[in-house]
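Chemist: Take the given structure of chain A and dock chain B to it, following the hints.
Chain by chain, the residues run as shown.
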Amino acid sequence: MKFLFYLALVLLLVPLQTTVLPHVSVWNIKPDMGLVAAVFIGLFAGEMEGLLLGLAIGWVLSLFSAGELWLSLLTYGGVGLLAGFLGRQVSQVTSISLGVGLLLVSVASGLLALANFKNIDMSQMWGGVESIVLPQACFDGAVGAGLYWLLSQRFDVTRLRTE
Amino acid sequence: MWMVNSRFSPGARRLAFACFALLVAALFLLPGQIQGLLQYLDGPVGHVVRVPLEAVASIDTGIADRWQQYLALQGVREENQQLRKDIELLRGQNNQLRESSAATERLTALLQFKEQALPAMVAAQVIGRDATNRYRAIILNKGESDGVKPDMGVITPAGVVGRVVKTTGATSVVLLVTDPNNAIAGLIQRTRDEGIVEGTQQGLAQLKYIPLLSTLRDGDRVVTSGLVGGFPRGLALGTITHIDKQEGALFQSAELMPEVDVGRVEEVLVIQASYGQSTKVMGGMDLPGKPSP
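Going down the list, the sequences are from chains A and B.
One point on numbering: in this note's numbering, the residue at position 102 of the first sequence is 102, and numbering is uninterrupted.
Position in the second sequence (first residue = 1) + 1000 = this note's numbering.
Next up, chain A with everything else stripped away, as it sits in the complex:
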């Protein structure tokens, strides 16, 4: 059952990310739901599942992006693993702390991707940070915090994390 849920999640992330979310983009920036999903799985299911789901999400999303495969695998896999590790260590995860964590992770992965760009100089790189990386990180943090807040209103998230 869990496997089917994960399979559906990975398969539905692609149309969500490539077809639906461009309609709700702000200044041409859409949230990275793959990153949010990897964090949530890591947080609720532990490091191993966070890592494996993160790798699966990274691989499938990289098939539908011009980006490098290794970068996608490292980013999503690493984020799932990190979320699993932190989720186990911290007893009280609030929507604010989750949002800030997602923001930082998104900034880190965005900077890594920009550093991997070819043909861009420092001014273009800084332009990319201002126009893509920071707005996207804010968007990712806000979406993650909002989703966590919604979940915490409906379920006992602390119990979900420890079960």
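These are calculated hints, taken from the structure and not from any lab test.
Note that the structure is predicted; figures quoted are calculated from it, not measured.
For glycine and all other residues, C-beta sits at the position ideal for the given N, C-alpha and C.
Everything hinted at is true.
Facing chain B, a subset of chain A residues (Cβ under 8 Å, in silico):
1) LEU11
2) PRO15
3) THR18
4) VAL20
5) LEU51
6) TRP59
7) LEU61
8) PHE64
9) SER65
10) GLY127
Modeler: Same frame as chain A, now just chain B:
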């Protein structure tokens, strides 16, 4: 405030970290092998993911069409669409005619002109945008099984859209001409000076490495030079809007307004014949003074 989850043993945690460390090491030490391994799975996975992707894309297109029909007067909208298509077609024809005229003038003096074969093309529909915000790319509903391969050029009747960078069995990713990672060999139609067209962070394009002595000016049209990549010569890339000539620089550069509005493109043509094939006729011409094999 610290807790330990009883479901996962420290062994599982160590295993997860070990797996990740192994993956990082493998990605850095054997990048080609890892990618080659995953490429075997790309085809089938592409076919599986294409089903929900096309379903959502068709629903999305349906809703967008209904919404536009609701907002606009249907007759006017259809007429407008037809006129836009006509304009695109005429722009393409106009551009080709200009290029043909310039080429004819030059070539008739040099050699006996032979008709260039049109490259084979396949029509494809845009079913999505890049999964991340970092690249300006579109996803097409045609992939390896339809004969689409990386480095093939993608156009509309108005001009160049981009270049295929990735394919699965049923889909392909096209890096747009406005992406900073893209580079296409371009030619200023009036002066015949060559350069490289790259995208900018602002979503436009720029022509770089133009010779300092070039007499280019605002409004000059830039077309593909046909020297590198999957594009034949003479496809419209854009129009020069601003020239950047710095003192002491070896080259000048120019900002371009792309010919195709890549943000709204819905159907495209993928040029399947590679450069070598498409220019076979040109390459086979008997140039004066060139010894025959």
